[in-house]
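A.B. asks: Residue numbers (my numbering), protein chains in the order written: chain A, 132 to 431; chain B, 58 to 520.
Wrong hints could be hidden among the right ones.
[What the hints assert, rightly or not] Here chain B is said to cover these stretches of chain A; the calculated rule only asks that three of the stretch's residues, wherever they fall, bring their Cβ under 8 Å from a Cβ of chain B: (1) 139-148; (2) 171-184; (3) 210-220; (4) 360-367.
Calculated from the structure, these hints are not laboratory results. Every residue, glycine too, gets a C-beta built ideally from N, C-alpha and C.
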Amino acid sequence: MEYFVQQLVNGLTLGSIYGLIAIGYTMVYGIIGMINFAHGDIFMIGSFIALIVFLFLVSIFASINVVLFLLIMMIVAMLLTSLWNWTIEKVAYRPLRGSFRLAPLITAIGMSIALSNFVQVTQGPRNKPIPPMISTVYNVFGISISAKQIVIVVVTAVLLTIFWYLVNKTSLGRAQRACEQDRKMAALLGIDVDRTISITFIMGASLAAVAGTLYLMYYGVVVFSDGFVPGVKAFTAAVLGGIGSIPGAVLGGLLIGFIEGMWSAYFSIDYKDVAAFSILAIVLIFLPSGILGRPEVEKV
Amino acid sequence: MTAISQDRPANTSLVQRGIREALYAGAISFGMFFLLIGIKTDQNIRNELILVPRWGLLAVVIALVMAGRFLMVVWLHPYLEARKLQKAKAPVVAHAEKSAFVRHWTKIAIGALILYPVVIVLLVGFQGSLKWVDNFGIQILIYVMLAWGLNIVVGLAGLLDLGYVAFYAVGAYCYALLGTEFGWSFWILLPAAGAMAAFWGVILGFPVLRLRGDYLAIVTLAFGEIIRLVLINWREVTNGTAGVSGIPKVTFFGLFDFDVSSPYYIAKVFDIAQSGAYYKIFLYYLALALALLTAFVTIRLRRLPVGRAWEALREDEIACRSLGINTTNTKLTAFAIGAMFGGFAGAFFAARQGFVSPESFIFLESAIILAIVVLGGMGSLTGIAIAALVMIGGTEILRELHFLKAVFGEGFTPELYRMLLFGSAMVIVMIWKPRGFVGSREPTAFLHERKAVSSSFTKEGHG
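With the hints as extra help, turn the sequences into a complete structure.
C.D. replies: Take a look at the structure:
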């Protein structure tokens, strides 16, 4: 039983990171109907920015002040990653808005290849390890919970609350939801659709940047190709939860985290990704639009 | 940015606007690049990461971005606007007589492809031809073959498949494992690899029948990853990441072969000088034959009921079903036949490399093949071949640009920038031609006379 709860905690940690990335996928999909393949690489860029900020801070301050460091890393990563995603949206996706469906998908894949290779060229192909930031481990009823895991879960919960408030209670969120339902009608009612879409990309990138910072802190290492696997997992999470649905993205992220944790604990660690992908396929056979997704009704 | 600049009063001159936009772009690129280009993370002797500033490089990159933006505003945009106006003014020529080159261009292209190795051998000799026939000829033909195979699924049936490389892997491992274990010939295993891949195509097809759009995309992607992960982890059979080596070479229908130690080695049979180029040239023609077979089958299938059903499915699934077309069978055949050609290409790839490992079947390959299909114009065989030539040939040629070393210094390796440029080229080509190189379609069913349909009227399907 303790072993099970232990795995539950590990799954929750991993799932929080996936959930944060998945929100970026699901929001962009909801608003412009495009799979933003470059989102995983945006997460990786966020992680690299956090890495550079961390090294910079270490070289200035003598001792590591965890809370201050994490806060600065997150804020800088959020700002710069948002700038990246905002620019990418303007340069690569906006000219293709209203074009046929596969065109933005291909530019997104091209962007993803370009971004990861850009980081490879500028920062080198090696792994980038950092010294552990937090190493405290608490022991609660026989379950060991590290302080890192607590930080990840708490940060995710706080961010999701802010995010939930933004989407559901502010005029900005109302504009976003309106654009999601009917972009043309929203434009007729005076909503600046382009601006709303830009803000959606910025919000997605900020959450991905936080996920990148947490990922760097949790694993202590980052490499230029790190965008792909978490990106695909998060995308899987978004689809599993029902793409376009924000609670679905979080739920899907947690589910994928649990599946991975449980599978590697009880079966084989080699096949944990196979398990996650297979469960996605099985769920979609029975629920073709994900767990919380609205079934798409095509009007003739 | 363009939207803002259009609202400006007309009296600000173009150059002024260009300078303003350039400053704007410079500020943005400074924000994006000052950490990622301006500072490099390096490892010191104690394996700790240290920061190395590179402000010079940062300044150069930002200056380039600003210059590029300035030229775009001052020169490129007015030029494109003027050309658009000119095009709109020009009278529409009703029935321009096509030149002989356009009418016979398929034959000319095939003729050129057949003569290509001969010309290369005459120009640079047998030894020098290796690189050109292998890296350019065979490499591009493999991608043409794969893209034409995927075109059946994506271009004709309109089903978005992000895991096509799985079938390529199935074909390659089918030949690699059966060829090395049992010593069976390529000519027996080629159809076997195709059949095996088609079988897996149906296996994938079943669960995704009800899925549409992006749900389909993610499940096909997941399928591709599952196949790759199984190849990595099922070490008893596939030898894991180490891969399978010593895959037998293709023989010339058993008459003679290309293995130096064999008594039927081509040089011994014909009593000529030994050279590795014979095998490469033979493989080139084999790849060409397989690619032409794919094209031929695709062209003929489009005229069969099943091909018409695919295209109907792409245009409108509901209408298709109301007309009594069995969409289940239609989708499954599309997956199976597309996968079969992927399997052929895989078997050929294994024979050419003599070695396969899961490294060759990553998602990036699927993405490249899909990009070629879309850049080529989805459904147009000619367009896809052009796209493969431009994208694959273009990145291969980067390896050959040794003169760049003279410009950027001895340490400059163009290969490093290969994928960066490939990704950027995908973005630029897509923005420049969102419908691909050849966007128009030639319908197979028509009234009185065949007319090319403009790309803006064709659909890309929901599946």
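A.B. asks: When the hints from earlier in the document are held up against this structure, which numbers fail?
C.D. replies: Violated hint (a single one): 1; every other hint is consistent with the structure.
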